[in-house]
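Undergrad: Sequence:
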Amino acid sequence: PEIQEVHSWEGYTPEQKEVLHWDQYVNMTYPDDIGDDESVHSSDPNFKNLKNMYKRAERRWKYADRNGDSVLVKDEYKDFVHPEESDRTKEILVDEAMEDMDSDTNGEISLEEYMNHINEMSSEEEKSDPNFAQVQQNHFTSYLDKNKDSVLSKDELKEWLVPTYDRHEAESWRLIQSGDQNQDEKLSKEEILEHTDQYLSLIPPEFWHQFNADHTTTPSTPNHEDRLKYFSLNAIH
Numbered sequence: 001p002e003i004q005e006v007h008s009w010e011g012y013t014p015e016q017k018e019v020l021h022w023d024q025y026v027n028m029t030y031p032d033d034i035g036d037d038e039s040v041h042s043s044d045p046n047f048k049n050l051k052n053m054y055k056r057a058e059r060r061w062k063y064a065d066r067n068g069d070s071v072l073v074k075d076e077y078k079d080f081v082h083p084e085e086s087d088r089t090k091e092i093l094v095d096e097a098m099e100d101m102d103s104d105t106n107g108e109i110s111l112e113e114y115m116n117h118i119n120e121m122s123s124e125e126e127k128s129d130p131n132f133a134q135v136q137q138n139h140f141t142s143y144l145d146k147n148k149d150s151v152l153s154k155d156e157l158k159e160w161l162v163p164t165y166d167r168h169e170a171e172s173w174r175l176i177q178s179g180d181q182n183q184d185e186k187l188s189k190e191e192i193l194e195h196t197d198q199y200l201s202l203i204p205p206e207f208w209h210q211f212n213a214d215h216t217t218t219p220s221t222p223n224h225e226d227r228l229k230y231f232s233l234n235a236i237h
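Yeah, the sequence shown ends on 237 if you go by this note's numbering, and it's all consecutive.
Be careful, since some hints might not be right.
Stated by the list, open to error - Only pairs whose alpha carbons sit at most 27 Å apart, straight line, appear in this in silico BS3-like list of lysine-lysine: (1) 154 <-> 48; (2) 62 <-> 154; (3) 62 <-> 158; (4) 78 <-> 90; (5) 78 <-> 158; (6) 55 <-> 74; (7) 146 <-> 90; (8) 55 <-> 158; (9) 90 <-> 55; (10) 158 <-> 127; (11) 158 <-> 90; (12) 148 <-> 186; (13) 78 <-> 55; (14) 148 <-> 127; (15) 146 <-> 127; (16) 127 <-> 186; (17) 74 <-> 90; (18) 154 <-> 90; (19) 148 <-> 158; (20) 78 <-> 154.
Claimed, not checked - What follows is a set of in silico ranges between Cβ atoms, one per label pair, in the way DEER data are often shown: (21) 146 <-> 115: 16 to 24 Å; (22) 78 <-> 53: 14 to 22 Å; (23) 133 <-> 100: 18 to 26 Å; (24) 193 <-> 19: 53 to 61 Å.
The hints are simulated quantities; they were obtained by calculation from the structure and are not laboratory data.
Small disclaimer: the values here were computed from a predicted structure and weren't measured.
Just so it is clear, CB atoms sit at the ideal spot from N, CA and C, and this is done for glycine as well.
Please put together the full structure from these sequences, using the hints given.
TA: Written out as structure tokens, the structure is:
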């Protein structure tokens, strides 16, 4: 049968117990033979992937188990399910990402490996954008590859996934790169208009109202021409 992991404390502790045991978690999540190293030839066609998930979960469990008692209380379980939200456990995401992307296991991520991973993780709709590949390549070379050696080290991967910088500023730079065709780190009016689908939906209503402050009536929802006018007058130079 298909295995579907339960990502809630209540799902794993229906009797409202105070702790969750590793064996209980495994029994509710994986096939019976998942912990047997000799069962690599299981009839389940997804067994290899499940085995990798199991090993990853086992490692996460040890990270989340703060006092090493082999059971998780509710706060520890939160770190197990959402390691990105805890300073103590979020670095495990770097190890997992390296495993996912580093196909030749040389300890670094090439542009090709990065693009393969992005393509696997992106929807068909996202990939249908004619600028999709170029935007992702620019993100790799201009933003992620800090020392410009054409690969991502574990430290560079960590800076991306567990950033020490302002996430809002990082997102601003990512949005600029989405339309920055000449790579001058600025957006011209022409570049914004060329990528209207990328930027028009990002106009906050309050900015629209400020722009229309001198109008006697302000439409509740800006139309396409009005939005173009907004960006034309407020292009980033």
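Undergrad: The hint says 16 to 24 Å between residue 146 and residue 115; measuring C-beta to C-beta, is that right?
TA: holds (18 Å)
Undergrad: Using the C-beta atoms of residue 193 and residue 19, is the stated range 53 to 61 Å upheld?
TA: 58 Å Cβ-Cβ, so the 53 to 61 Å window holds.
Undergrad: What's the verdict on residue 148 and residue 186, does the C-alpha distance respect the 27 Å limit or exceed it?
TA: Between residue 148 and residue 186 the Cα gap is close to 21 Å, so the pair holds against 27 Å.
Undergrad: Mind checking the alpha carbons of residue 148 and residue 158 for me, to see if they're no more than 27 Å apart?
TA: Judged against 27 Å, a Cα distance of about 16 Å means the pair holds.
Undergrad: Quick one, are residue 78 and residue 154 close enough, alpha carbons at most 27 Å?
TA: holds (25 Å)
Undergrad: Has the given pair, residue 127 with residue 186, been kept, meaning a C-alpha gap of at most 27 Å?
TA: Holds, at about 24 Å.
Undergrad: Would you check the hint for residue 62 and residue 158, treating anything up to 27 Å between C-alpha atoms as holding?
TA: Since the Cα atoms of residue 62 and residue 158 sit roughly 20 Å apart, the hinted pair holds (cutoff 27 Å).
Undergrad: Straight-line Cα separation of residue 146 and residue 127 no greater than 27 Å?
TA: holds (26 Å)
Undergrad: When you check the alpha-carbon spacing of residue 146 and residue 90, does it fall within 27 Å?
TA: Status holds; Cα separation ~21 Å.
Undergrad: Is residue 62 within 27 Å of residue 154, Cα to Cα?
TA: Within the cut-off at roughly 21 Å; holds.
Undergrad: Checking one constraint from the list: CA of residue 55 to CA of residue 74, max 27 Å. Satisfied?
TA: It holds: about 21 Å lies between the C-alpha atoms, which stays within 27 Å.
Undergrad: Please work out if residue 78 and residue 90 have their alpha carbons no farther apart than 27 Å.
TA: holds (12 Å)
Comparing the model with each numbered hint stated earlier shows that all of them hold.
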